[in-house]
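Peer 1: Hints in hand, dock the two standalone chains.
Protein chains in written order, with the working numbering: chain A, 1 to 873; chain B, 1 to 112.
Read the hints as simulated data drawn from the structure, not as lab findings.
Treat the hints with caution; some may be incorrect.
[To be verified] Restraint-style ranges between C-beta atoms, simulated for each label pair:
hint : chain 1 : residue 1 : chain 2 : residue 2 : range
1    : B       : 59        : A       : 38        : 36 to 42 Å
2    : A       : 84        : B       : 57        : 36 to 42 Å
3    : A       : 466       : B       : 11        : 45 to 51 Å
4    : B       : 56        : A       : 451       : 51 to 57 Å
Even for Gly, the Cβ is constructed at its ideal location relative to N, Cα and C.
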Amino acid sequence: MDIRPPRWADKFLVWFCNPELLEEIQGDAHELYFERVSKEGKKIADWKYIWDIIRFFRWSNIRRSNDEFRPGYFGVLWNLNVKIALRHAFRNKLIFSVKMLALSVCLAFAFVVSAFVIHEFTYDNFHQRHDKIFRVGAKVEIAGVATNYAISPLALADGVDEELPDVENVCRVMYTGKPVFTIEDKSFTDQTTLAASSDLFNVFSFEFIRGSKDALAEPNKIVLTQSMAKKFFGDAEAFQQTIDLPWTQLEVAGVIKDVPSNSHLKFDALISWDTYDFYDGWDNLNAYTYVQLGEHADENDFYNRIAELFRNHQEDIEGDRQLAASDKLKISPIMENIMDIHLSEYRDEDIAQKRSKTNVYILIVVVILFFATGLINFLNLSLAEQTTNFRRIGILQVFGGTSANHGKLILTNILITVFVIAPISTFLINAALLTAESYFSLYIDKSVFTSTPFILVAGAVVLAFIFSTRINLFILSRSNDIINALKGKFNSRQSGFQVRELLVATQLSFSIIMIAIIVIIVDQFRFMNSVDRGFDDKNTIVIKMRGGNFSEAETFQESLRKLTGIKKVDGSSFYLDIIETKELFEVETKEGRKKMLVAYMNCGYEYLDAIGIKISKGRNFDKSHGSDNFGAYIVNETAAKYFGWKDPIGKKIWGPMGTDRDEGEVVGVIRDFNFASLHNKVEPLIIFPIAEGWGIEYVYIKTDPIRPSNLISQIEAEYKKAYSNFPMEWEYLDSKYQSLYKEDYEIRDIFQVGLVISIFVSCLGIFSISAFLVIVRAKEMGIRKVIGAHPLHLFALHMKRFIKFIFISIVIASPAIYYLSQHWLSNFAYHIEITAWYFIAPALITLVIVLITAGYHGIKNSRVNPVDILKYE
Amino acid sequence: MVTKGNYLGEFEELVLLSVASLVDDAYGVSIMQYIEQEAGRKVNISAVHEVLKRLQRKGYLKSKMGGATQERGGRRKRFFLLTVSGKKTLEEAMKLKLQLYKQVPDFSLKLT
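Looking at chain B on its own, in the form it has when it is part of the complex (with noise of 0.2 Å):
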């Protein structure tokens, strides 16, 4: 399959760090919601699984189904897990920010 290498996307990256904080709980709805409670944003749930099912081919991301639940019609839920390769490059960009914000000379003083 084709990808845009292995760079994060921005909103890549924001999923995939809602899914790393929501543990065993990240599944569509969850991350939509964390996102908009964290971040202020509003994303539509299409959009999250498009970007979902995009981590899950990079390989950063693997899912498995839930149990029956009873909110959705007895719909099974599609549950996210970091794999060791998404932690990795989760921790590669991290670590790259915060590599160039540290070199940036008296940002802080800059700012106010």
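Extracted from the complex, chain A is given alone in its bound form (with noise of 0.2 Å):
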């Protein structure tokens, strides 16, 4: 049997111990151990081994750096190696400053973005149990087409707290608008309330800063947030008051701290369940059911069982839709995990706030690109800054110095451009934090800056800085260009060039891939402007009504149209952006009466007009035809075409089912208009009048391009007479469509900082490397103009090498412009097509940038006097 000490204390011997006592140690310590084994046994001389290898472990021992008096140590001529540093620095004050300056503004953008982008990957991850927590879509199926819907029927929470046993928590969501809230004589109306069952505060990880975890289950009763509370009670105790509705009274029974900034369920406060009385049938979809599943539950197997709840209670979530044989209703969970939720596809009628991930992804190139950028230009500036000093490095190395001594002035260097960028950076990244907050309306909470990730993050950039400063020291330890340096000799073919310029070229070519996205994305939104809407929001002014009462609101209308200033007022359904409704219509069809979900809005007589619909076969609706009310039926262009209609006039319409409304004709078709952003296509829409059975809930009013200038507060005025309870919610209807953009507007925004911050970075970086080929190329071109050379062909000579960055970098940038382009436009239903401009357009606006930057030593080099230079020998 082979019998050795223990081979890792061996190992760890040899590697901590000085070499040069390492023999006599290792024999030492094998000797004995021999000795034991024969003596006491292996197992014993094992142990006995290890204990003599930890006690050898002590500093008289270990190995340490033998280099302890040569020069250029780190503790004995440190001071000296900063000296040099910092004389340095300030003798190249200007360059010195340009790639501090350059470095910071590149860290702290790219590191923002990545904080933005940590934060959006994060969403969710707050919750104690965040892997387990799921919410419960469905995705409902009628007749073949099928829709996802982030909610779910209202007897689900029920159901699977009756049924399914490993799940530990369930609580169910319902979004209840934004109610009126009365405390003493004021009014609130702007705040985000859900009504959620008591089970909330298990699932969800929300921090009480008053009332406990059981606050929300008794009826009547209210969870505020800290802002929210601050704002309805001042300094004063919110806890145990009381707010009142316009139907019941609340007691706040906790007041929890403000939600998270990534929280898919965004809130101001909470109902209790109870307070409200909601139908709870199968049959009602509209709750957002979330589940926590027992520690070992299966998830899979979960979804299996929440299917087969749903398929027994089929007949329930049919309720009294009554269904004919041939298109059945199919219904299926849908079940995402909170922390997807953020990221994941668009659903139906979902209150959570959704980030399309591509946007997201895009982001994170754009943190790639600008580390890569500071980094490139960093280098190439103190890549250029040493070759000058070429003369002072052949020195040191005649004297001795080794390329780790070479190192440890770089490191030195390095020291001092964090000990510069440090504070600079900081400053850079709080401004723009507080842009971002004031300007974009983008809010990042400050404790992404200290979460794993970005602490990973911000640790592998440093640590990249630092390696790559490492190729500046493989370059120049070149011994033939430092014997070249001695002899004076200034080749103009340096190894070191090479790298430079593929540098420069990848720098360049990310300006490019900059200017050309953000070229495609700012037509894009041209785009998007100048199509054909179908309606015209210019000069709309939207009020939301309350409680909606029918008669009530025609009075209010009838008020409004007296003003001078309005041209036309009249009331709808539908809006930008709110959670659109499909209901169950028959329609006539060749196979016959064949039941469809349709989106519907319904509206007054004078709606289609005063936004500008424009009718494009048969006619609107008409008063005159007393009929109109009940009976008659306009449809858009994709529904006419997907119900298979040539000729829509006079086609028969039932529904939506459920209502008062039964048999009717469509009288009229109208153009395709896209109410939803441009994300979108434009869906299947019915549009009926409104009746007295079904409220105003909004009032669009068309105004004169010139109107008098109180014209908004006249109409507050006749508001405040017809509902003087409430204050009045208006908006103009251009903004909130421009609103339905805030994202890609945000990723716009973002992109339009890059671009500058770019463009200055890669100005910066050319200028000091075309000031830099001046120097290296005096002499040279000294003789040339000797000779005879005209200047012209001095400056051709001298850009000619641009030119050449150019051209290699538009070869890097093209692929990575098509691919980002393609992608991003591809969230949009409705976009522009990619043609050979988007690539030449930034080549262009990049070959003159790179002209009037090395142009202007170009044109010095050009002037060059003779004389000056070839005096120097």
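Peer 2: In structure tokens:
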């Protein structure tokens, strides 16, 4: 048997031990070991050996660096190195400050964007059991058309609770709109309020300041967020105060900390579920249901059992929607982990804040580009600087400096860089966060900066930075360059050059990518603004009606029509961005009556005119046709196509089912109009007139372009007369429309800032490289001029190199531009096509920038006086 | 190097004496075993090494590497020898002790 001491202990000894002492120490230890093996057995010998090794692990035996007394050593000549670096910085003030500024700007920007990206990826991870919390939505299939809903039947929560044992907690939440809260005599209307069952606080980990987890167990309780409590009650204690709703009185049963910015569920107040009298059936598809599974529960298994639960309640789900056997309604669950909700695909009726994954990925590319640009620029400049310092390095090497010594010099430079950059970037990051918050309404919680992913990213960047500076060392320590330097030769074909060319080209191609993408984004927005949306959102004011009582609203509208400056007023149920409602209609088709789930809107007689929706066939609703009120429908072109109608006028429609409307016929077809954003395709739509029982939810007011400046306050006065209890809520339709693109505008803003920085940094890079080139090639230029070269020729010679950079960078950038823009544009149902121009234009822009920045030195170069240069020797 | 004067510590003295008596065969393990056998004291090998290093720094010991060996994987031993100054220091220390010992009146009587 092969008897030997524990291998790892032996390795450990070899690793730490001073090589000069190793042989005797290891020898003694081994001798003892083998003696013990024969006397006391292997096991005891092993342990004693380990103990010996541990005892040997002491300061006097530990291996340490042996260049303690060589020049340039950290401790000894530290101050000298710092001095050299500082002196160097002061001598090249311009390049030094350019270098530092560019690097800190790039880093700050990249850090802010990566904080944002991390923020997006860590949605809902603050809940303690986030990996076990799921939201159950519903996929509803009727007549082969599937719709993915974020919501599920109200009865699901109870069903899960009763029939599936390994679910730890289940809660349901329902969006209740923005109710009017009255406290003493003040009203508040702009609070996102949810009805929530008591278990919400067991599923989610929202932190309580006052009150406890069972705050919502009883009816007529409300839980406020901290900032809402402050808004409602000022500095007074909010806990156990009362708040009035129009129909009941609530008691504040708890105050929680504000909902973190990375929560998909955003709310200002929660009202206990039992306060409302919701219809609790399987056919009421309206609640957001969250389940928290047990520790060992399997989610696939759970999914199957929920699907089964849905199947068992098939009849209940269908409810009183009598369906023909052919178009069976099928419903299956959609289960999403709460952390995925933020970035997952679109679901109907979702209250979650969503962001498309593509946009986040594009931002990751931006981060990488920026780290790289900043780094490359820094490397480039310090490389250029050091190449001019070849002579100093040469002398250092002659005096016995090793490349390790030179490395220490560079390390000193890095440390100084870090000392300069850290405060600047911290300042810039804070400034950027403030700007983002106040101008772009992008709020990033500061805690992101202390989260593990961010620290990892930052650490990786710092490491990359330190290692990349080693590239310089590698290039510089080539001996023949140094010999040449000492001989006073400055060869413009030096080896450092090819590397530098590559670096500059990469940096330039980043700028081209940035420019191209921003051009595409801006163009897409221009396209979206110019595209025919099918309605006119200019000069339109929308008022949200409370209660929506039909006759009250009619009187209010009538009073508005009398005001000067108002062209048309009418009501509608439809609004941008509201969660759209689809209902079951029966439609006459070739195959007979068919049930279909179609979006609908109802509106007043003048509504279509008021916002400029054009009738393409047939007629508008008309008051003179007495039967219109309950017997007329208008459909959009997409709907006509969807139903397979060649001649839609006179076709029959029944529904929406379960309402007071029954049979009617189509009187007109409108041009498609896109009420949702252009991210989505136009969907089939059925329109019918508002009638008594339906209420008016939104009043649209079309004003004259030239209107009295106090029109809004006049309208407000009328509103006050009609509804004295509520403040008026209104918006301009066009600004609302713009807000649908909030996310895209955010991306555009980030890119615009990025573009400016990227161009700025690469300008700096090119400027200093061309300055360096002028120095390196000064003698050559002088001689050329003596021989008789034309200044223009010299200028061209100087510029030639930069033109080459541009060509290389176009080659690098083009595929990236193509890939990224395709990705981004695929977000839009209606988008521009990528043409060659999107590649040529950025290249031309970059060309101009390069010509200007490099041209300065080019002109200087061509006007050089040869005597000044050549008299040197 | 900083040393604690030219005094010998108790353990140092023991090691120095062992080296002196082992003559040509004084290396780490043998010294340790000698101490164990003669003084009945269990010491760790690393402690012996430490003291040997210290004594060498003070100039009381010199060392040389021996030839290749069989029992320790071919690794050489470092043999220690007393230097002149080591010998002198040892003698002085012994003399001092003996002198002090003799001055104790009726030392042997007191013990019994």
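Peer 1: For every hint, state whether the structure bears it out.
Peer 2: Outcome of the hint check:
1. B:59 - A:38: 36 to 42 Å: About 38 Å separates the Cβ atoms of residue 59 (chain B) and residue 38 (chain A), which means 36 to 42 Å holds.
2. A:84 - B:57: 36 to 42 Å: 37 Å, holds
3. A:466 - B:11: 45 to 51 Å: 47 Å, holds
4. B:56 - A:451: 51 to 57 Å: 55 Å, holds
Checked against the numbered hints given earlier, the structure satisfies every one of them.
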